[in-house]
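*Asks:* Please build the complete structure, drawing on both the sequences and the hints.
Chains D and H, in that order, are what the protein sequence lines are. Residue 230 is where the first sequence starts when you use our numbering, and the numbers rise one by one after that. Residue 1490 is where the second sequence starts when you use our numbering, and the numbers rise one by one after that.
Using 20 Å as the maximum straight-line C-alpha spacing, the simulated EDC-like pairs for lysine to aspartate or glutamate come out as follows: (1) H/Lys1492 with D/Glu285; (2) D/Lys270 with H/Asp1528; (3) H/Lys1588 with D/Glu281.
Please keep in mind that the hints were generated in silico from the structure rather than gathered at the bench.
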Amino acid sequence: ETGVTQTPRHLVMGMTNKKSLKCEQHLGHNAMYWYKQSAKKPLELMFVYSLEERVENNSVPSRFSPECPNSSHLFLHLHTLQPEDSALYLCASSLGHENTQYFGPGTRLTVL
Amino acid sequence: SQKIEQNSEALNIQEGKTATLTCNYTNYSPAYLQWYRQDPGRGPVFLLLIRENEKEKRKERLKVTFDTTLKQSLFHITASQPADSATYLCALETGNTGKLIFGQGTTLQVKP
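*Replies:* Following this line, the structure appears as structure tokens:
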């Protein structure tokens, strides 16, 4: 694997639930990202953290709340999601200005 | 805003042939462009990066070209194998720290 892990790999939740996605990177990188990937659509960047500071928030609804406690860990807290939020959520990390990104395996989220 | 188009959603070729995938962009030329491979249910894996001052980059059976006049990158896989079957994504840097824009991908199927 790539050195970026994500848990859980699969998640089914109701619209009223609260859950969190976790990402961990063991590569010594200084930037971490959350992406959403829906069927037949390009990867959509949600959040970027650089040196643990959020530098990008792509107009993501407030029902998605990221947290980056240190440079190795990234969370995505979920609450009152909608069925259209069902997708593959990918975490990535990078080092350096050329920004080659290393992705985790993703969490397949289904909102009922 | 920058838009990316990958030539086709799907490409089917016979084993041993060369696969050629196209990535076109509409706006400014990025400082670099990347290609990733994604298998079903997995995160993208970085393959190659090409800078704006480079015409061509090679890695084993892979070759990438970058034409800033045509605003196009071509990705070639020579002597293709069934194991090359996957979705291939191109990504452009946007000039902002940590931000890549991804194309929608081309799914390559190599038949034995």
